[in-house]
Structure formats: structure tokens, C-alpha cells
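Visitor: Listed here are the chains, written in short residue letters.
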Amino acid sequence: MSNTDRPTDEGVPDEQSRDDGEFEPIQVFPEAEEMDLRPGADDCYKCSTCDTNCPVAEVDDEFPGPKFQGPEQWRLKRQDDHDIDESVMKCSNCMRCDSACPSEVPLSQMHNTARGEYVEENMTKLSREYLRNRMLANYRRLAPLGAAFPRTANFVMGLSITKWLGEKTMGITSERELPAFATETFREWWRKRGGPAVHDENNRIAYFHGCYANYNTPEVAKALVRVYEQFGYEVLVPEQHCSGTPMFANGMLEDARRSAETNVRELAAAIDDGADVVASCSSCSMSIRQEYPELFDFEGTDEVATNTWDAVEYLRVHEDLEAALADASVDDGRFEEFAYHAPCHARNQGLDGQTIELLELIDGVEAHDVGDSCSGISGTYGWKEENYETSMKIGKEMFEHMADADATAGLTECPTCSMQMEHGTGYEITHTLEILEAALVGTNPTAEST
Amino acid sequence: MGYDTEVLVLGGGSTGCGIARDLAMRGLEVTLVERGNLTHGTTGRMHGLLHSGGRYAVSDRASATECIEENEVLRDIAGHCVELTGGLFVQRPEDPDSYFREKLEGCRECGIPTRALSGREAREIEPYLANDVKRAIEVPDGAVDPFRLCVANALDAQIHGARIETHAEVIDLLREGDDVYGVRVRHDSGPGRRTHGVPGSTEEITAEYVVNATGAWAGQIAAMADLEVAVRPSKGVMTIMNVRQVDTVINRCRPKGDADIIVPHETTAILGTTDEEVTDPDDYPEEEWEVDMMIDTLSELVPILSEARTIRSFWGVRPLYEPPGRATEDPTDITRDFFLLDHDERDGVSGVASIVGGKLTTYRAMAEEIADHVCAELGVDATCATAEEPLPGSENLERLEDGMDEFGLRSPIARRSTKRLGSRSRDVLETDEPNPVICACEGVTRAEVQDAISQSGTDLNAVRIRTRASMGNCQGGFCCGPMANELHPEYDEETVREALDDLFDERWKGQRHALWGEQLSQAMLNYALHATTMNRDRDPANAGPSALETGSESLEYAAFDAGEGQ
Chain A
1 MSNTDRPTDE GVPDEQSRDD GEFEPIQVFP EAEEMDLRPG ADDCYKCSTC
51 DTNCPVAEVD DEFPGPKFQG PEQWRLKRQD DHDIDESVMK CSNCMRCDSA
101 CPSEVPLSQM HNTARGEYVE ENMTKLSREY LRNRMLANYR RLAPLGAAFP
151 RTANFVMGLS ITKWLGEKTM GITSERELPA FATETFREWW RKRGGPAVHD
201 ENNRIAYFHG CYANYNTPEV AKALVRVYEQ FGYEVLVPEQ HCSGTPMFAN
251 GMLEDARRSA ETNVRELAAA IDDGADVVAS CSSCSMSIRQ EYPELFDFEG
301 TDEVATNTWD AVEYLRVHED LEAALADASV DDGRFEEFAY HAPCHARNQG
351 LDGQTIELLE LIDGVEAHDV GDSCSGISGT YGWKEENYET SMKIGKEMFE
401 HMADADATAG LTECPTCSMQ MEHGTGYEIT HTLEILEAAL VGTNPTAEST
Chain B
1 MGYDTEVLVL GGGSTGCGIA RDLAMRGLEV TLVERGNLTH GTTGRMHGLL
51 HSGGRYAVSD RASATECIEE NEVLRDIAGH CVELTGGLFV QRPEDPDSYF
101 REKLEGCREC GIPTRALSGR EAREIEPYLA NDVKRAIEVP DGAVDPFRLC
151 VANALDAQIH GARIETHAEV IDLLREGDDV YGVRVRHDSG PGRRTHGVPG
201 STEEITAEYV VNATGAWAGQ IAAMADLEVA VRPSKGVMTI MNVRQVDTVI
251 NRCRPKGDAD IIVPHETTAI LGTTDEEVTD PDDYPEEEWE VDMMIDTLSE
301 LVPILSEART IRSFWGVRPL YEPPGRATED PTDITRDFFL LDHDERDGVS
351 GVASIVGGKL TTYRAMAEEI ADHVCAELGV DATCATAEEP LPGSENLERL
401 EDGMDEFGLR SPIARRSTKR LGSRSRDVLE TDEPNPVICA CEGVTRAEVQ
451 DAISQSGTDL NAVRIRTRAS MGNCQGGFCC GPMANELHPE YDEETVREAL
501 DDLFDERWKG QRHALWGEQL SQAMLNYALH ATTMNRDRDP ANAGPSALET
551 GSESLEYAAF DAGEGQ
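These protein sequence lines map, in sequence, to chains A and B. Residue numbering for the first sequence follows the UniProt record's numbering, beginning at 1 and increasing consecutively. Residue numbering for the second sequence follows the UniProt record's numbering, beginning at 1 and increasing consecutively.
Hints in this document: simulated from the structure, not taken from any laboratory. Careful, some of the hints might be misleading.
Stated by the list, open to error - If you want a taste of the chain B side facing chain A, the calculated C-beta under 7 Å gives, among others:
1) Arg416
2) Arg446
3) Gly517
4) Glu518
To be verified - Counterexamples of contact, computed for chain A against chain B with all Cβ distances above 12 Å:
5) Leu76
6) Pro102
7) Gly158
8) Asp332
9) Gly353
10) Glu366
The C-beta atom is built at its ideal place from N, Cα and C for all residues, glycine as well.
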């Protein structure tokens with residue numbers, strides 16, 4: 001509010017005649033961090049269903065829950081307030097509140113935005129917490145180092161001194177085994193292989209493999225390629241960055257924006273070339289489908305979101321996957337009985353039932369659903385020293401159900417859920433695409449060594 | 001039975017409380033009586049605009065000048081009751097250019113600081129303004145919490161020795177010959193702080209001078225002493241939105257009309273209003289079309305209003321007054337100026353004056369003029385200090401802002417609590433006891449509720465206006481019970497239940513006008529919660545002891561419309 005009089009009347013600026021250039025055109029789409037979500041708080045009528053579905057609130061009495069983090073906090077806020085409550089950093093971004101809400105309140109969008117504001121305004125950029133979170137969020141930038149010297153990296157990471165240092169200096173829990181790097185990344189394999197084995201410009205998918213399938217579990221990515229090629233698809237593997245999931249969860253919205261910009265550009269180009277986008281990681285598909293349009297507005301964001309699919313879902317819709325699996329059988333000791341956990345981010349996409357339904361069709365494979373609890377790790381969340389205990393408390397129900405299930409191996413579609421499942425039970429964890437590969441392509445894919 | 005005081009003020013609205021404070025600070029012995037709780041009449045039923053004067057800058061420059069002067073005074077003395085939101089007069093393409101120019105000129109001549117903005121600049125300030133708004137004038141409008149302001153005046157009056165009696169209805173104005181010498185009041189539950197269940201009583205209060213500050217009810221009070229005050233009450237509807245769609249006061253820049261203002265108020269935005277003359281300030285229709293018109297018309301300025309939910313609507317009655325002989329047809333043309341009616345000079349009846357007209361922004365100036373008059377009548381030589389002395393809660397606010405303390409609360413709750421309590425924050429919020437949030441919509445903690453109870457007894461509506469607890473988007477669905485629970489164990493169960501009934505009734509009153517969409521879901525959720533946890537879905541005909549006592553078989557629906565404190 002200016003307290004100075006300005007010449008009136010003749011000084012009234014007119015939209016047309018004004019060209020002194022001092023005014024930036026209004027941003028039709030404000031920066032995500034400046035988003036005003038108060039109107040979205042309109043839809044909350046405080047039924048508290050989100051709070052009862054929040055896995056963190058269930059085990060941590062100090063955490064006020066999604067209703068406070070979302071609509072209440074936005075309602076209490078003024079335009080110029082910047083003091084987001086620090087408790088938002090305890091949210092694991094599992095996004096279960098989104099599905100729980102009967103009133104379509106954009107809870108995770110509110111949390112993501114609030115967390116971004118908190119990190120921007122309230123977290124010291126030189127603090128250990130900020131640096132640690134930035135590092136965890138930007139796994140994709142560190143992973144190439146490890147992947148370049150996988151054996152050395154795996155050896156060093158496995159040393160207790162490394163873990164001790166990690167906890168003392170960075171606040172990364174020493175309780176967990178860091179994921180091992182593959183000796184050959186998926187993209188290296190893809191390059192050596194010479195790209196797609198099937199060429200069909202009318203039948204294309206663009207594969208968003210994300211970081212984990214590239215650096216740590218290329219067998220999942222290879223399985224996807226082989227299954228899709230089996231159905232006659234030409235697989236494109238566009239340039240890509242991290243999907244942004246760990247960045248949202250750490251409030252690093254600028255990092256997420258940069259990555260998302262690349263992804264949207266590359267995936268939109270693939271769509272222009274006739275491809276649909278599929279992802280093997282449930283958090284990657286979640287991010288592209290829901291978080292991108294909620295937080296960003298690059299050209300093509302909505303188009304990319306609309307045309308992105310979970311890899312298994314896509315086949316169920318576009319191919320007669322059920323018939324193919326009904327005829328298939330698996331006779332491999334590695335793929336018999338599984339304790340299956342549906343990741344929260346698959347659940348949020350309405351995909352929590354599909355794996356069990358499909359595997360029932362395959363002769364020789366049994367999958368037991370271990371229930372609808374959250375695994376508790378939620379990406380980078382459970383890697384932080386201060387969250388480890390909470391993460392394990394949340395995971396307790398899943399661990400118990402896994403132990404009770406008639407299986408000694410685990411199955412899921414989310415990389416960090418699989419780390420948690422392995423950590424809590426010692427089971428080896430498989431991705432659903434690997435079973436589909438075994439059923440549809442055969443269990444000896446190593447025949448194709450390059 | 002008899003109680004004698006120097007000055008008796010009738011009416012616990014902003015004017016009455018302002019007068020009581022002014023006179024008490026000048027050293028006079030003051031008693032104030034109010035039939036409901038403080039702000040019960042028009043003060044608690046306004047849109048919360050702290051006028052810059054811009055609204056009157058074309059039609060009524062005297063009022064405009066007075067507004068900007070008092071606006072600046074209130075920022076100083078009532079910092080914790082006002083929010084300096086700034087305001088915009090927004091011109092749509094169909095609104096006349098000539099009026100826009102007149103508005104700018106008028107503001108300039110009245111000393112109201114302005115800045116002319118293009119439509120684009122206006123949208124930078126308020127992104128939800130319609131894309132086609134043409135221009136805007138920025139003025140120093142603000143938001144004021146009438147409840148907090150009124151209570152702070154009453155509190156300061158008490159600090160200076162005044163007696164404040166709420167729930168004390170004037171049933172007779174005592175006149176002997178040509179002299180008014182006091183009133184008879186009926187206490188709802190005995191004198192002093194309200195306690196439900198205490199039997200009612202009457203009291204005669206005599207005074208050297210009586211000030212009738214009952215606003216729209218001034219005619220009814222004056223008539224008790226066979227005096228005529230021709231108040232022309234005019235109703236206006238206000239609709240409360242669930243969130244602040246705007247952070248700035250948005251006025252429509254056109255000559256006059258209904259539904260032309262949006263005021264950001266605490267966590268909500270208030271849409272206003274209409275202007276229609278009524279015969280009885282206690283009995284007038286509240287109609288659906290009035291609410292619809294608010295939303296439809298104001299959506300032309302801020303389109304998202306058409307999709308947002310309203311949490312309640314309420315009607316207020318302006319205490320408009322015209323000196324005899326003017327006979328203005330349209331109530332919107334009646335002056336907003338205030339009038340001091342000295343009944344001695346006017347009717348030859350001494351010992352009493354009535355104050356009518358006026359508006360909340362200038363309440364202090366009105367109070368000063370009346371207090372001057374009273375002092376002159378009583379031969380007291382004392383000067384007014386209300387323009388300089390901050391209200392309780394508004395002392396040294398800058399220092400408070402700098403050292404914003406969290407009192408162990410989550411940050412948005414600490415911020416809202418501190419904003420409400422101002423310089424009283426430390427006294428109220430610093431506690432070794434557990435201090436849970438009682439009202440989550442507004443961020444009100446137990447400590448603040450207990451502070452309010454210590455001021456107002458079992459009257460939970462008085463707690464509500466002091467704290468905003470139960471005024472948020474669930475309209476008390478989640479917090480009415482816990483608020484009532486705070487009365488225990490000081491008060492017994494029966495008393496607590498009666499207090500809860502009163503609060504529920506009042507909360508329900510305004511929600512009746514917002515039952516569609518999400519707010520209907522809200523009402524159903526509240527109903528289910530209260531039915532399952534407090535058995536409140538029992539047959540209301542068998543609910544209260546009154547139905548049993550009176551033996552009446554059917555429900556008296558009119559009782560629901562009678563307002564608070566029934």
C-alpha cells in the first residue's frame with residue numbers, strides 16, 4: 001500500500017497506451033512455490049478420513065496429519081505469511097491422503113507446495129539436513145558415479161565405516177544397506193544391444209525407466225523391453241531425468257522443475273512420434289501423471305500426463321494380457337510363491353488390485369496380498385536417521401503379514417518399497433515385470449546377452 | 001435493589017462500549033447494559049470493513065474525511081483489531097468512466113491516499129480478479145474485527161472502573177416528569193458474569209445521565225419514556241466464504257448498488273451487502289435471493305466465488321437516521337452521518353441523549369463527541385484520551401511483531417493466536433499446562449478459550465466472539481463440544497449443556513442459509529458427529545426443560561429465529 005499521492009485522473013494508466021516496459025506481464029501460471037492453494041481448501045469439510053489413513057500419523061503422535069498440513073494450514077495462511085510449520089517435513093509423501101479424501105481436496109499438492117515453501121524460506125541452505133536432503137533427492141546425479149565403478153562403489157558402501165560416516169556426517173541411517181549398483185546400467189545394455197529389436201512406427205511405446213531400473217535393477221527394465229517386444233511394440237528409450245518424486249518429497253521444487261522440464265520435453269517429442277509413455281516404477285508414473293500437472297505447466301505437461309501409463313496397466317488395456325497369461329506357465333524355482341505389497345503410489349493410481357489378479361492366471365505362480373498398509377520407507381524418507389524408527393513402525397504391519405504369508409520371496413513395483421521389504425524380512429524382492437517376462441518370454445533371458 | 005451510577009450507557013455495541021471507555025477514562029463512574037452479549041446488535045453483524053473513506057468520497061465527503069482520520073487513529077490504538085489489507089475500487093468494462101474519475105478526485109479532496117492501477121496491475125495484487133477488469137484505485141481500506149474491537153473497549157472501560165452488564169435487557173426507561181433518571185433491567189441470569197442456570201432477576205439502575213446508544217433499537221428504548229426517535233432501520237445481508245479468496249478489500253467502482261464489496265476477514269472473506277428498510281429490527285425476512293445475489297453479482301469481480309463454498313450468511317440492521325423533514329425515499333440515500341439527539345433541547349426532557357446513525361469506523365469519534373456532551377451536562381472538566389491511548393492488546397505491537405514468540409505452538413496457530421491477542425499474548429498463552437488446539441479451523445488453543453471464559457462466564461457465544469473459536473469452516477462441528485468441556489469442572493454438567501445448546505443454536509442460525517454443496521456435506525457430518533457422540537438427534541420437542549415446563553406440544557419455530565442467548 002502506497003501512502004503517497006500520485007497524480008490522479010490523467011495519470012490513470014490505461015492498458016492499451018501503457019508501454020513504459022517497467023511491468024512484467026502477469027504470469028498466467030505462477031511459480032509452484034507461489035501457488036495459492038487456499039481456494040482448494042474449500043473442499044475440505046474436516047471429516048478427518050485423511051488423518052485416519054495417514055501411516056505417519058498412525059505411529060507418530062507428534063505429527064499433526066494431512067488435514068492440518070493441507071487445508072487447515074492453507075486456510076490459516078495469509079498471502080505474505082512464509083512460516084510453514086516444520087512438521088510438513090515429517091510427511092512421507094505417500095499420498096494416501098489423496099485417495100482417502102471423499103471430497104477431492106488436493107492434499108498432496110498442498111503438502112508438496114508447503115514443503116517447497118518451507119525448504120525455500122525456513123531451511124538453512126548450509127544445514128546438514130538441507131545438504132543431505134538435496135543429495136538424497138538428487139540420487140540421479142550421484143548414481144552415475146557409483147555406476148561408473150560399481151564394484152568399488154558397492155564395496156565402499158558396504159563398509160561399516162562408510163555407513164557410520166553416513167549417519168554421523170549426513171544423517172543417513174546406518175541401519176540400511178545402500179542399494180547395490182549394477183555392473184552394467186540399463187542404458188549401457190540398450191546401447192550395446194543396438195536399441196529396439198522390433199521396429200514398428202504404428203506401435204510404439206516410450207519407456208520411462210527412471211533412475212533405479214537404470215542404475216540398480218536393469219533386469220526389470222530389460223524385462224519390460226522383452227515383454228513389450230513380445231507383444232510387437234517398438235520400444236523407444238528417450239533421454240530422461242529423475243521423475244522428481246524424491247525432490248517433491250524433500251521440498252526441492254526447483255530441482256524437480258528442472259528435471260520435469262527435460263522429461264516433459266523428451267516425452268512429448270516421443271508422443272509426437274506416435275508413442276505412448278510407460279513406466280515400470282509406480283512412483284515415476286504417479287509423478288508424471290499427477291504431480292506434474294499439479295505443480296508445473298510446461299508446454300505439453302498435460303498431454304504427457306494423459307498419455308503416461310503404468311507398464312502393466314497399459315498391456316491390460318491395450319492387449320489381451322489375461323489370455324496370454326492364462327496360457328502361460330512358469331516353471332522356475334525363483335518364481336513360485338510371493339508375498340505381494342501394493343505400493344502406495346500404485347494404490348493412488350487405482351492399480352493396487354491388478355498384480356494379484358494377473359498372477360492368479362499364471363500356472364505355477366502364487367502371489368499373496370499382504371494388505372493395504374504402507375511399507376513405511378516412502379522413497380528417501382526412511383533413509384533419514386530421524387525417520388528410521390517411524391519408517392520401521394509403519395512397516396511393521398507389512399513385515400508381519402509377509403512373514404505370515406505362505407511365501408519366502410517378496411513382490412512389488414516400487415524400488416524403495418522393495419528395499420524396505422528386503423530390509424524387514426530378508427526376502428529377495430522381485431518386480432512384477434520380471435514374472436511377466438518369465439511367463440511370456442521365458443526364464444532364460446540371459447540367452448540374449450547383449 | 002437500587003444501584004446508582006454517574007452515567008448509564010445503554011447498548012453494548014461499538015458506540016456504547018466506545019462511550020463507556022471514553023467516559024471511564026475521563027474519571028466518570030460508568031455502567032453499561034446490553035441485552036445480549038457484546039456486539040449482539042449491529043456491531044456483530046457488519047462486514048468488518050475499516051473504511052478508508054473511499055466509499056463515501058463521491059457522495060458524502062464529510063463522512064469520507066472523518067473515515068480516513070479515524071482509520072489512521074484505529075491503526076494506532078487498535079492495531080490488534082485491524083488488518084492493513086489495503087483496498088481496491090475495481091472498475092469493470094461496463095462501469096462508468098466518469099464515476100471512476102469522480103472517485104479519484106473525491107479521494108484526493110478528502111485526503112485519502114490513492115494510486116490508480118491498470119487492470120493488469122490490479123490483478124497482480126489480487127490474482128483472482130476477473131480477467132476483464134478495466135482499472136482500479138488503490139486505497140488504504142482495511143479489515144477490522146468488530147468483536148475484538150468492541151470487547152477491548154469494554155475491557156478497558158472495566159479496567160477504568162466501569163460496570164459492564166451483558167444479558168441485561170432494558171425493560172423500562174425511568175422518567176419522572178421531564179427527567180429521565182435511570183432504567184429497569186432484567187438480568188437473564190443474575191448480575192455479573194453470565195452463568196447459565198442462575199435465575200433471572202430485575203434491577204433498577206439510576207443515573208445522573210443516560211445515553212441511549214442502542215442504534216437500530218434507539219426508537220424502541222426512547223419510546224419507553226414517551227420520546228420519539230425516528231430510526232429507519234435498514235437490513236443488509238452478508239455472506240461468509242470458507243477461505244480468503246482475496247487478501248485486499250475489493251469494492252466495485254460504480255455509483256451505488258447492492259453486492260459491491262468483498263472484505264477479507266480473518267480466515268474468511270465476507271461478501272456484502274444489501275440495503276433495504278425494515279420496520280422492526282428484531283423481525284424481518286432473511287431471504288434466499290439476497291444470498292444468491294451476493295454470490296452472482298460479486299462473481300463478476302472475482303469469478304471463483306461462484307464455485308467456492310459459503311459457510312453462513314447473516315443479516316445486520318443499520319441504525320440509519322434522518323433529521324425530521326428530509327423524507328428520503330431510498331435507504332441507500334440516507335446519510336451515514338451520526339446524530340446526537342439531546343432530548344432536553346429537542347423534547348424538553350432532561351437527563352438523556354440518544355445517539356443514532358454512524359458507522360463502526362468512526363465509533364471513537366462519535367464516542368468522543370457524546371462524552372464531551374455528557375461531561376458538559378454534568379459539569380465535568382476532563383479531556384478525551386481515546387485517540388492516543390492504545391486499547392488493551394494493542395500496546396507496543398511493533399515490538400511484539402519483531403520478537404514473535406511461538407509459545408510451543410505450531411507456527412500458523414501461534415501467528416493467528418498472537419494476532420488476536422496482541423500484546424496480551426504472553427499473559428494468555430504462556431502456560432506450563434498442556435495447551436491443545438480446541439478450534440482447529442481458527443487455531444484457538446485452550447489457554448485462549450480459558451482466558452475468554454474468565455472474562456465472560458458460561459456464555460460460549462461470548463467466548464466465540466473473543467476467540468473466533470467455532471467461527472471457521474466447520475462452524476463449530478468439531479469444537480463446540482470441546483469448548484463447552486472447558487467450562488467443566490468449574491461449572492456443573494447441566495450448566496455446561498445449556499451453554500452448549502446456546503452456542504449450537506447460534507452456529508446453526510447462519511448455516512441455514514448455506515446448505516448446498518460442500519457446506520451441506522459439512523452440516524451432515526456435524527449432524528452425524530453430534531448425533532453419535534452427544535445424542536443430539538433426540539426429538540427436539542423433548543429436548544429442553546422449557547418444553548416440559550410450558551407443556552407446549554408443538555415446537556416454537558420462531559424461537560430459532562430469535563438469535564443468540566435464547
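Visitor: Evaluate each hint against the coordinates.
Guide: Going down the list of hints, with the structure as the test:
| no. | hint | result |
| --- | --- | --- |
| 1 | Arg416 | 6 Å, holds |
| 2 | Arg446 | 16 Å, violated |
| 3 | Gly517 | 9 Å, violated |
| 4 | Glu518 | 6 Å, holds |
| 5 | Leu76 | 4 Å, violated |
| 6 | Pro102 | 8 Å, violated |
| 7 | Gly158 | 41 Å, holds |
| 8 | Asp332 | 52 Å, holds |
| 9 | Gly353 | 28 Å, holds |
| 10 | Glu366 | 43 Å, holds |
Of the numbered hints given earlier, the model fails hints 2, 3, 5, 6; all others are met.
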